[in-house]
Amino acid sequence: MRTNGKFSQQLAGFKLLRLCIALLMFALVTPVLADSANSRAYQDAKRLLRVTDTGRQFESMALQQTRNIVRTYSSIVSMSAAASLPQHIKNSIFDCYAEAYAWDKFESGIEKIFVDNFSQKEMRLLIDFYRNRGVSPTDIQSFKDTIAKGKQIRLMSTEYILANSDGCVDRDAELILNYLYNRQRLATSLAAE
Numbered sequence: 001m002r003t004n005g006k007f008s009q010q011l012a013g014f015k016l017l018r019l020c021i022a023l024l025m026f027a028l029v030t031p032v033l034a035d036s037a038n039s040r041a042y043q044d045a046k047r048l049l050r051v052t053d054t055g056r057q058f059e060s061m062a063l064q065q066t067r068n069i070v071r072t073y074s075s076i077v078s079m080s081a082a083a084s085l086p087q088h089i090k091n092s093i094f095d096c097y098a099e100a101y102a103w104d105k106f107e108s109g110i111e112k113i114f115v116d117n118f119s120q121k122e123m124r125l126l127i128d129f130y131r132n133r134g135v136s137p138t139d140i141q142s143f144k145d146t147i148a149k150g151k152q153i154r155l156m157s158t159e160y161i162l163a164n165s166d167g168c169v170d171r172d173a174e175l176i177l178n179y180l181y182n183r184q185r186l187a188t189s190l191a192a193e
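This note's numbering numbers the first residue of the sequence shown as 1 and each following residue consecutively.
No lab work stands behind these hints, which were simulated from the structure alone. Beta carbons: idealized from backbone N, C-alpha and C, even for Gly. A portion of the hints provided could be inaccurate.
Stated by the list, open to error - Pair ranges (Cβ atoms, derived):
1) 38 <-> 145: 20 to 28 Å
2) 132 <-> 38: 24 to 32 Å
3) 57 <-> 82: 37 to 45 Å
4) 145 <-> 107: 24 to 32 Å
5) 151 <-> 191: 51 to 59 Å
6) 145 <-> 108: 40 to 48 Å
7) 38 <-> 80: 47 to 55 Å
8) 84 <-> 189: 16 to 24 Å
9) 188 <-> 92: 40 to 48 Å
10) 116 <-> 188: 54 to 62 Å
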């Protein structure tokens, strides 16, 4: 009977040890699995940005906006001061916007917005759609629900970009005002001679 009691104690100790090992393994593996799932989600977000060609489209839109800004500045200077905006100032404005709105400054933040707002299934639906793989009939409602999130994600992305970009307007104004001031000073100086 004593042996049986000792055996029962050993068995209980063994079960406790197994439980401790299982809990330890769970504690060690859970963060790894979470990191792995999170890593896969970020990989899917990167893939989605790549297949939608978002970076190129963003930079193309930023360049077009910069052209419009320079054109507007040129018109204002032409109408208000009867002068042309010099090319070196235009180039400086282009350089500022190219740096301030470079896609690589925003890509990781947009990825995070995707990861936070799309499930992996939703991202994969979009990836498959953009890769011309279509949407299976069983996924049509999920696809519609995913597309419905687009407006909110676009808004969040725009807010992120605005919050994380260095503006160029103050710098542009300073460049243009200095140019006009120096131009006026030169004209006044020449008129005085």
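Evaluation of the provided hints:
1. 38 <-> 145: 20 to 28 Å: At roughly 22 Å between Cβ atoms, residue 145 and residue 38 fall inside 20 to 28 Å, so the hint holds.
2. 132 <-> 38: 24 to 32 Å: Taking Cβ atoms as reference, residue 132 and residue 38 lie about 28 Å apart, which means the hint holds.
3. 57 <-> 82: 37 to 45 Å: Holds: the Cβ-Cβ distance is about 38 Å, inside 37 to 45 Å.
4. 145 <-> 107: 24 to 32 Å: 25 Å, holds
5. 151 <-> 191: 51 to 59 Å: Cβ of residue 151 to Cβ of residue 191: about 58 Å, so the range 51 to 59 Å holds.
6. 145 <-> 108: 40 to 48 Å: 26 Å, violated
7. 38 <-> 80: 47 to 55 Å: 54 Å, holds
8. 84 <-> 189: 16 to 24 Å: 20 Å, holds
9. 188 <-> 92: 40 to 48 Å: At 25 Å between Cβs, range violated.
10. 116 <-> 188: 54 to 62 Å: Hint holds: Cβ distance 58 Å, inside 54 to 62 Å.
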